[in-house]
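Chains A and B, in that order, are what the protein sequence lines are.
Residue 18 in the UniProt record's numbering sits at position 18 of the first sequence; the count goes up by one each step and never skips.
Residue 244 in the UniProt record's numbering sits at position 244 of the second sequence; the count goes up by one each step and never skips.
Quick caveat, the hints were computed from the structure, so don't treat them as lab data.
The model shown is predicted, which means the values in this text are computed figures rather than measured ones.
Take the hints with a grain of salt, since some may be wrong.
Note: identical chains are not told apart, hence a pair may lie in one copy or across any two.
Here are the simulated lysine-lysine pairs, DSSO-like style, with alpha carbons at most 27 Å apart [unchecked claim]:
no., residue 1, residue 2
1, K186, K167
2, K326, K266
3, K266, K367
4, K326, K370
2 protein chains.
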Amino acid sequence: MIVCKFGGTSVANAEQIKKVANIIKSNPQRRIVAVSAPGKRFGDDIKVTDLLIDLADAVLKNGNVHEKLNNVVNRYREITDELGLDYTICEVIAADLSERVSSDKSKVELFIDNIKASGEDNNAKLIAAYFNSIGLKAKYISPKDLLVVNDLPERTYALPEAYENLKFLADTKEIIVFPGFFGYTKEGILRTFDRGGSDITGSILAAAVKADLYENFTDVDSVFSANPKVINQPVEIREITYREMRELSYAGFSVFHDEALMPVFKLGIPVNIKNTNNPTAPGTRIVPTRTTTPGRPVTGISADNGFSILYVQKYLMNREIGFGRKLLQIIEEEYISFEHTPSGVDDISVIIRSNQLTPESEERIVKRVKEELHADDVHFNHGFSMISIVGEGMRNNTGLAARACAAISNTGANIEMINQGSSEVSLVFGVLQKYENQILRALYDEFFATVTTC
Amino acid sequence: MIVCKFGGTSVANAEQIKKVANIIKSNPQRRIVAVSAPGKRFGDDIKVTDLLIDLADAVLKNGNVHEKLNNVVNRYREITDELGLDYTICEVIAADLSERVSSDKSKVELFIDNIKASGEDNNAKLIAAYFNSIGLKAKYISPKDLLVVNDLPERTYALPEAYENLKFLADTKEIIVFPGFFGYTKEGILRTFDRGGSDITGSILAAAVKADLYENFTDVDSVFSANPKVINQPVEIREITYREMRELSYAGFSVFHDEALMPVFKLGIPVNIKNTNNPTAPGTRIVPTRTTTPGRPVTGISADNGFSILYVQKYLMNREIGFGRKLLQIIEEEYISFEHTPSGVDDISVIIRSNQLTPESEERIVKRVKEELHADDVHFNHGFSMISIVGEGMRNNTGLAARACAAISNTGANIEMINQGSSEVSLVFGVLQKYENQILRALYDEFFATVTTC
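Using the sequences plus the hints, can you model the full thing?
Below is the structure:
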């Protein structure tokens, strides 16, 4: 059984929704469909989710609610028209929206969640109606009482019972159309997931029914081995392991939101990223362990900027049990997470995303490290990029680090930091931000564009 | 003013002590002399310190105390003979030893300390007597009431007042001969320093009198850039910074005990390692900042084995604030110190000296990391070496990492770990132990033996 998820551009208008129907029809294994709200149809278009945020705003500020509500309903009406459906579904959607607009506003955050989630919810109803109209037996299923999530104030996540509740979807005879992006607490309060929330819904459904495959339909043929904004027509990745994807996602290789794949990862369910507009293309498969032997040791190279380095030096540091731990504790007490901690004998650096720092927090950290850890030198440096070379094939490739270092040094850039863990799936270089694109190109040339000799 | 320290082989017999006198005479700046106990005169010889341990053992086990005591006194008698001194000093030494033998044995550790320290103490008396006999005005000074140390049970270190107490030595008209290796608590209890203790004494004296230079006399011309047991006639180091020396000492480059230079380091006093047997050779200078420009970016390469790697993997690890800190806390609670913590996005490795681990402590750590941190994979690997390339000149040498990686990969060995901090004074490679010597040779060839192009 396959669980499919269709992103916003894949369900943005009638033409796209027809493609979705054809995709579902073309493989009887595709039994469960998670859908997003209608996305952009062209560059300057406004997504339904943004229209809904506008609506919620109007309601809360006593603005022109009627107009804003019509903007939303009209998008669905247009789709309904073009799909040749009767307006019954639009009436259902309009009524649903009106009800949400007059719902409880005592918790603004929850009110906005409720309005926003209608985008996916009503699109799922519409798509189910369309499927049935063309003879594809389908059923809209609400997350209510099924996809149970935790209470406020923690970030939204599915409770273990959600997986139990959703199991039965494996045995229904109709195609299931399920709205992405939200669930309900045990008390019936609607809560939305973090960004990329429809990906999570699809992932939860795939895990609940123990799917053989989770197909994630979007608008690109596959994941690229490097940022196509910097590298001209980078190599497409056919197969990538979960670990490789995680290592790449670290440095700006935004395929999925971090947590989106957690449910399928835990069960080892493979994921296939595919293009709704070119469904016969193989796409990119994300797998627990590699099934094919790639022609090269490196799977992808990612780069991300906006990093700072906290440098701490103290004579005889390495004789002090607990020094590293105390340093990390001080950082933790500022609610700051860190990326790497390269160290010498008497110094340790902590690589931190700069957006977590303020002049005040930096000052507090420097002061505490000086006073509490009696460090000889403590200071922050800013403006670094991290460049990750990732590939399971790097594990036993002796010359790879040398090739990477040589490629970087040929650009004239200095290597500020090298980090290679014992996992050997990734090699991370810290460099000055201004060299980032130049180095990315040099590394891409070294590992993808040239004939490799190993 | 120069403070000199002479090690065991430099004061092992009359011939050596005459060399010491000549060294002192040849430069009027040399005003304070810290001395060790007489060391080995030839390969199979027994050091006085070991004879003293034998004596202490015989006293505690009711063995042949008379014979053991004579073994010690005879060594001094032999020296006295050859120096042409009268036996008064030997009587002083014999009486001192007898008094120590009958001293309080309620704390065995302190009793042994008291016997052992007589080696340095009596040698200082003897050397002062010799100096005076040849017209070099000298004065033995006991550490008592001057070099004040902390109380048990902590490791011995000098209290701040020791530096105050010893200041006056700068203004005495005689050459000061001061025994190395021990101090006294405020209550007058003798305590010895850790191994390399005479180095610490010299260092404390140099700091107390704010010396211009601390000369450390031993039996080699200088410090080598790599282990001469592995590399044939390695390049001698003329000048090395404190930081370089620290980075090298990490991996088996045993010049000084870690803490020995702390007092002079704090004041930025340069150290000169020199050879008693070839005092006109320049030796190796340890300096706060480099005064000469070396011809190569690398100052030294050291290698050390016996490392283990704790590998921890957890999906989404990098989203968890506090993960690294909690991991280090578990290790700290086993009283284990660590060397490096290279990390990927979802994994972190902790490099630990294997001699700190037992099967039981490994099991406890693995269990706690699994249970408390919910890690997906936790295990130990053993049998690693760490190889450090060190040099202040590496800071702005872009191609250096590439050259090092290439040299290692040409040996066929895999690089298990690379660690370069933001300090850039060192580059550390983790490799399998069996490749250690081969890699050390390859790196030495790369950075010292070949003509460098940068």
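Against the structure, the hints:
Taking CA atoms no more than 27 Å apart as the test, K186 paired with K167 passes inside one copy only; the shortest distance there is 18 Å, against 76 Å between copies. Taking the shortest alpha-carbon separations for K326 and K266, only the inter-copy value of 23 Å comes in at or below 27 Å, while the best intra-copy value is 33 Å. When the C-alpha separation of K266 and K367 is checked against a cutoff of 27 Å, the pair qualifies only between copies, where the shortest distance is 20 Å, while the shortest distance within a copy is 42 Å. Taking the shortest alpha-carbon separations for K326 and K370, both the intra-copy value of 12 Å and the inter-copy value of 22 Å come in at or below 27 Å.
Checked against the numbered hints above, the structure violates none of them.
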